[in-house]
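**Q** Read off the chains here:
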Amino acid sequence: MFDLLLFNIRTQGVKVGVGEWLVFLDGIARGLVVDLDGLYQFGRSILIQSETQFDSWDIAFDATFKGVELEPDISDQLLQWLADAQAPSGPPVDLDMSWEEMRKLFYERLKEQKERHDGGNKWIGTGGTSPFGSQGRTNRGIRVGPGGNRSALAVAGERRWSNHRADTQLDVRDFQVALRALRKLTRDGVPELDLDGTIRKTVDNGGDIDLDFTRAKENKVHLVLLLDTGGSMDPHARLVSQLFTAAMEVQGFRSVTTWHFHNVPYGVLYRDYRTADRVPIDEVLASMSSNHRLVWVGDASMAPWELFGRYHDGPWGGGEGRDGLNGLSWLRRIKEMCPASIWLNPDPVRYWAHPTVSTIGAIFSMFPLTLEGLQDAVRKLRSPV
Amino acid sequence: MSGFDRFSGSEMYIADDGLLSSVNAAVALERPLLVRGEPGTGKTMLAHAVAKALGKPLMTWHVKSTTQAKEGAYTYDVVQRLNDSRFPDEADRDVSDIRAYIKMGVLGRAFQAEEQVVLLIDEIDKADIEFPNDLLRELDEMAFYVPEIDETVSAKFRPITIITSNAEKELPTAFLRRCVFHYIEFPDRERLNKIVDAHLPELPSSLVEAAILRFYGLRKIEALRKKPSTSELLDWLVVLARSGASPEEIANRMPFLGTLIKNEKDLDTIAARKKQGLGLA
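Just so you know, the sequences run in chain order A and B.
Residues 1 to 385 in our numbering are what the first sequence lists, from first letter to last.
Residues 1 to 281 in our numbering are what the second sequence lists, from first letter to last.
In case anyone wonders, no lab produced these hints; they're calculated from the structure.
For every residue, glycine included, the Cβ atom is placed at its ideal position computed from N, Cα and C.
One thing to keep in mind: the hints can contain errors.
To be verified - In silico EDC-like cross-links for lysine to aspartate or glutamate, where the CA-CA straight-line distance does not exceed 16 Å:
id: 1; chain 1: B; residue 1: K227; chain 2: B; residue 2: D268
id: 2; chain 1: A; residue 1: K217; chain 2: B; residue 2: D128
id: 3; chain 1: B; residue 1: K226; chain 2: A; residue 2: E249
id: 4; chain 1: B; residue 1: K220; chain 2: B; residue 2: E249
id: 5; chain 1: B; residue 1: K156; chain 2: B; residue 2: D140
id: 6; chain 1: A; residue 1: K217; chain 2: A; residue 2: E192
id: 7; chain 1: B; residue 1: K70; chain 2: A; residue 2: D196
id: 8; chain 1: B; residue 1: K265; chain 2: A; residue 2: E192
What the hints assert, rightly or not - Here are some of the chain B residues that sit facing chain A, going by a computed Cβ distance under 8 Å:
id: 9; residue: S21
id: 10; residue: A28
id: 11; residue: V79
id: 12; residue: L82
id: 13; residue: L136
id: 14; residue: R137
id: 15; residue: F181
id: 16; residue: Y183
For reference, chain A alone in the conformation it holds in the complex (with noise of 0.2 Å):
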């Protein structure tokens, strides 16, 4: 009878798996859940594994139990009926009724009932198999009396983990736990006594100590961060400027190394623009090796002459582009000399229909700058090219 509960949290995108949804079906046939409310809490806490989920939840929790709890008018008497309740004895008693039939059945017995009952089948009461109360049996009903402090659907409408959606929210840790999956550890390090290998060693020579020794584990990475600066980029100042604080105390790798640009670079690039420190992109190419990852951050977006114009001189380009080699070109030459490169855009996908986005995203794959965007480009650059 949960299919649709099943079905709809599938819908949100989350892979809950059978060996999971066995278990949620086990602790409600064991009597785990009472009411509502506490279906909410158990089920997230069995099918969901992350925060970042549980506005999918709320979603799929509100849209299977919308208008099945009800608020209706209660009398304090009754309420007072329930509020000792008599835990449930017995097993979990399996109802075959709709929601519908059973809304109507509840006003009826509200209106008729006159006195406390515990453990019927009947009356709004407590522990009992009837549907309606407090602490009853019955897979399913209506909860009137104590429970959980506030009503599950009023929690799951809320949506207050909205702001948790990997697919929105970033600060700088998610980055780094992101970027820190680039890490490719070879042993390579200084060298350290290898207490295993000594060991094996040392019984093979007859239990004279012969010591061995390995090397240490180390990083080899170095990532390159590739900047677009100024103009339209603007607006995700704060957005880049996180990206580049996570991948500055990022820990681990051998370098981190940060260029600027603006749109796209013109034979040079620089250090830090507003001093004009800038450095001819050959020359930093030629210090590349197969262990660079390079990340361009960039919204790709500019007018057409920028990328496909055979020089550019305007304050960026600094003239460098005389040399016979438009925008595009630089890109293609950066990605044959280092494969290993992927795009950040940190403009919505829908926005990508522009020209120049669509030609610099056949170059370089191209992700959108959220956490689930970087974890796919970090996934990219750790295949082989």
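The hints should help you fit chain B onto chain A, whose structure is shown.
**A** Relative to the frame of chain A, chain B by itself:
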């Protein structure tokens, strides 16, 4: 709902319904409970509270960056044995008995215990990325195999397992699927008041109120790298009470800010906001 011990919070540990539900689900289903949340929201405290409330001993495995899954189960002290075999006169145990050199780790001791224990695996995300995967069988079957003596150590009583994580690393899906998951939210004002009351009942409420107001104001500043947490608030309150600060002083000057904010850049951020006359609350 019967047949298992139920946790309903404790005097010192104020839990919300969701957390109680998760703890009890984990206990009833005999699955590990994975607790995540901001630092200082009481993840580790939870295990202590559960152990105390259920009257069961607590065993803690503090995970470090170098921790290996096997260490939790057992270690075989080969070096000591080798040494003892070369210098038998100094040996304090029987070199021919391999068991004398096998030492159980926290998991091993929890499995061998003569009663059910609460097992806390603290900060699991500190270890290597593969660490949780290496624990799958141990946590699933509550057993591990010791090849050195060809024996399987399995739990006499499945421990109530609580695992905490700060989300420094993503945990593997296979591992997550075996856990009951709970995310400890930062407490709202009402619950925070209760928590403060439970820990520091003797403080005057005017002081607590002024401090909490300030505290939430600080937490609202988006630019802070590390938002102050509950445990820092408690420290701050103790300092404030000892120094005899008045509620007005707390509201206007925020003395002993260093107790709350431990990052230099964050202190700068707050100083700058003060200068600009931006409100903090």
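**Q** Now look at each hint and say whether the structure bears it out.
**A** Tested hints:
A distance of roughly 14 Å separates the Cα atoms of K227 of chain B and D268 of chain B; the hinted pair therefore holds under the 16 Å criterion. Proximity of K217 of chain A to D128 of chain B is assessed by CA-CA distance (about 13 Å); at most 16 Å being required, the pair is judged to hold. About 14 Å separates the Cα atoms of K226 of chain B and E249 of chain A, which keeps this hinted pair within 16 Å; it holds. For the hint pairing K220 of chain B with E249 of chain B, the CA-to-CA distance comes to about 20 Å; that exceeds 16 Å, so the pair is violated.
With a CA separation close to 14 Å, the supplied pair K156 of chain B and D140 of chain B stays within the 16 Å bound. Taking the CA atoms of K217 of chain A and E192 of chain A, the gap is near 10 Å; set against the 16 Å cutoff, the hint holds. Taking the CA atoms of K70 of chain B and D196 of chain A, the gap is near 15 Å; set against the 16 Å cutoff, the hint holds. Annotation: proposed proximity of K265 of chain B to E192 of chain A is violated, straight-line Cα distance about 37 Å (limit 16 Å).
Against a cut-off of 8 Å between C-beta atoms, the interface hint on S21 of chain B holds, since the closest Cβ of chain A lies about 4 Å away. Because the beta carbon of A28 of chain B sits about 6 Å from the nearest beta carbon in chain A, less than 8 Å, this interface hint is met. A least Cβ separation of about 7 Å between V79 of chain B and chain A falls short of the 8 Å threshold, and the interface hint therefore holds. For L82 of chain B, the shortest C-beta to C-beta distance to chain A is roughly 6 Å, which falls under 8 Å, so the interface hint holds.
With its C-beta approaching chain A no nearer than about 12 Å, L136 of chain B sits outside the 8 Å limit, and its interface hint is violated. A hinted interface residue such as R137 of chain B counts as satisfied when its beta carbon comes closer than 8 Å to some beta carbon of chain A; here the least separation is about 15 Å, so the hint is violated. At a threshold of 8 Å, the smallest CB-CB gap from F181 of chain B to chain A is about 5 Å, leaving the interface hint in force. At a threshold of 8 Å, the smallest CB-CB gap from Y183 of chain B to chain A is about 4 Å, leaving the interface hint in force.
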